[in-house]
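Here are the chains, one letter per residue:
Number of protein chains: 2
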Amino acid sequence: MTEENTIYVGKKDVMSYVLAVMTQFNQGIAEVHLKARGRSISCAVDTTQIVKNRFISTLQIKDIKLTTEELTSDDGRTNRVSSMDITLTKG
Amino acid sequence: MTEENTIYVGKKDVMSYVLAVMTQFNQGIAEVHLKARGRSISCAVDTTQIVKNRFISTLQIKDIKLTTEELTSDDGRTNRVSSMDITLTKG
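In order, the protein sequences belong to chains A and B.
Heads up, the first sequence is in the numbering used here, so the first residue is 1 and it goes up one at a time.
Heads up, the second sequence is in the numbering used here, so the first residue is 1 and it goes up one at a time.
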């Protein structure tokens, strides 16, 4: 897996990520990864559902991986945060 | 699938849901479903990761389903909201 087909979901509007997914698929990329951490996870799920319901009805959710990442904050404390990786194909 | 083994994740503290999952497994239930909508989705993912990392290291995520639900609000408007169903087994 290269990083080219990975979209990191953060604090932007959900439609930005929908557009990013559509752009990747239109460039002929077969598999798009949506990655999100913490509260952004629900935004990644929204993105998937909007792409499927409004744009690509054949969209397949090939895989969903849940993991825990450790982040070190500026004061040296380690925080654990859940992360999600959704693999999408055009089906 | 009966509703007995389903935990609906909402606005409570994440540890409430961790406890609910542990209780179900300790009652001998083989498969626990965690259901969440909208922003609660990330809380369901956190619950899964805490159970796995702190309590049941053999926990398996058997399946994750993403769907869109239509909710009708009091003023008659229909809102679409993403929902997630995580199926957990003790492995």
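These are computed hints drawn from the structure, not numbers from a lab.
Treat the hints with care, since some could be wrong.
[What the hints assert, rightly or not] Each pair of labels, with its calculated beta carbon distance range:
#: 1; chain 1: B; residue 1: Met15; chain 2: A; residue 2: Thr72; range: 43 to 53 Å
#: 2; chain 1: A; residue 1: Leu19; chain 2: B; residue 2: Asp85; range: 42 to 52 Å
#: 3; chain 1: A; residue 1: Thr87; chain 2: B; residue 2: Ser73; range: 29 to 39 Å
#: 4; chain 1: A; residue 1: Thr67; chain 2: B; residue 2: Ala30; range: 23 to 33 Å
#: 5; chain 1: B; residue 1: Thr87; chain 2: A; residue 2: Thr87; range: 36 to 46 Å
#: 6; chain 1: B; residue 1: Thr6; chain 2: A; residue 2: Met15; range: 25 to 35 Å
#: 7; chain 1: B; residue 1: Thr6; chain 2: A; residue 2: Asp85; range: 20 to 30 Å
#: 8; chain 1: A; residue 1: Gly91; chain 2: B; residue 2: Phe55; range: 17 to 27 Å
#: 9; chain 1: B; residue 1: Gln27; chain 2: A; residue 2: Ser16; range: 38 to 48 Å
#: 10; chain 1: A; residue 1: Ser16; chain 2: B; residue 2: Asn79; range: 28 to 38 Å
#: 11; chain 1: B; residue 1: Leu19; chain 2: A; residue 2: Arg80; range: 40 to 50 Å
#: 12; chain 1: B; residue 1: Thr6; chain 2: A; residue 2: Thr67; range: 18 to 28 Å
#: 13; chain 1: A; residue 1: Arg77; chain 2: B; residue 2: Gly76; range: 43 to 53 Å
Heads up, the beta-carbon is just placed ideally off N, CA and C, and yes, glycines get one too.
Each hint tested on the structure:
As the Cβ distance of Met15/B to Thr72/A is approximately 24 Å, the hint placing it in 43 to 53 Å is violated. Leu19/A and Asp85/B have their C-beta atoms about 27 Å apart, which leaves the hinted 42 to 52 Å range violated. For Thr87/A and Ser73/B, the Cβ-Cβ distance of about 33 Å falls inside the hinted range of 29 to 39 Å, so the restraint holds. Between Thr67/A and Ala30/B the beta carbon distance is about 24 Å. The supplied range of 23 to 33 Å therefore holds.
In this structure the hint that Thr87/B and Thr87/A lie 36 to 46 Å apart at CB is violated, the actual value being about 18 Å. Between Thr6/B and Met15/A the Cβ separation comes to about 32 Å, which falls inside the hinted range of 25 to 35 Å. One distance hint, 20 to 30 Å for the beta-carbon pair Thr6/B and Asp85/A, holds here, with the actual separation near 25 Å. Between Gly91/A and Phe55/B the Cβ separation comes to about 37 Å, which falls outside the hinted range of 17 to 27 Å.
The supplied range of 38 to 48 Å is met by Gln27/B and Ser16/A, whose beta-carbon atoms lie about 44 Å from each other. Our hint of 28 to 38 Å for Ser16/A and Asn79/B is violated, since their Cβ atoms are close to 21 Å apart. Leu19/B and Arg80/A have their C-beta atoms about 18 Å apart, which leaves the hinted 40 to 50 Å range violated. The hinted range of 18 to 28 Å is satisfied by Thr6/B and Thr67/A, whose Cβ atoms lie roughly 24 Å apart.
For Arg77/A and Gly76/B, the Cβ-Cβ distance of about 48 Å falls inside the hinted range of 43 to 53 Å, so the restraint holds.
The structure is inconsistent with the numbered hints 1, 2, 5, 8, 10 and 11, although it conforms to all the rest.
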